[in-house]
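Engineer: Sequence:
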Amino acid sequence: MLVTQEGKKWTFENEFEITREQAKLINEENKGTQVENKLPFCLILVIVLLLLLVLVQSYILWRKKQQS
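First residue of the sequence shown? That's 26 in my numbering, and the numbers climb one at a time after it.
For the record, the hints were derived by calculation from the structure and aren't laboratory data.
Treat the hints loosely; a few may be bogus.
[As the list claims (entries may be wrong)] Label-pair distances were calculated between CB atoms; the ranges are:
no.: 1; residue 1: ARG45; residue 2: LEU68; range: 49 to 59 Å
no.: 2; residue 1: TYR84; residue 2: GLU46; range: 57 to 67 Å
no.: 3; residue 1: LYS90; residue 2: LYS56; range: 45 to 55 Å
no.: 4; residue 1: GLN92; residue 2: GLU54; range: 56 to 66 Å
The beta carbon of each residue, even a glycine, is placed where N, CA and C say it ideally should be.
Input sequences plus hints: build the corresponding full structure.
Structural biologist: Here it is, written out as C-alpha cells:
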C-alpha cells in the first residue's frame, strides 16, 4: 500500500484520507488487538508444555516399574 504525506493528512492508495490524530487512535486500537491475538497462542503453548511434562513423568515412572 502506497502512503504519501500531504500536510497533516495521509493519503492512501485508495484515496482514503485520515488525519494524524485518527492514525494515532487507530494505532492504539491495533496495539490492544495484537496483545489479544497473542493470548490464545500463549495459552495453547502452556497447555502443550504441561501435557509434555505429564508424558515425561509418566514415562519415567513406567521405566522405574519395569526395572524393579
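Engineer: I'd like to know which numbered hints this structure contradicts. Please list them from smallest to largest.
Structural biologist: Of the numbered hints given earlier, the structure breaks just one, which is hint 1.
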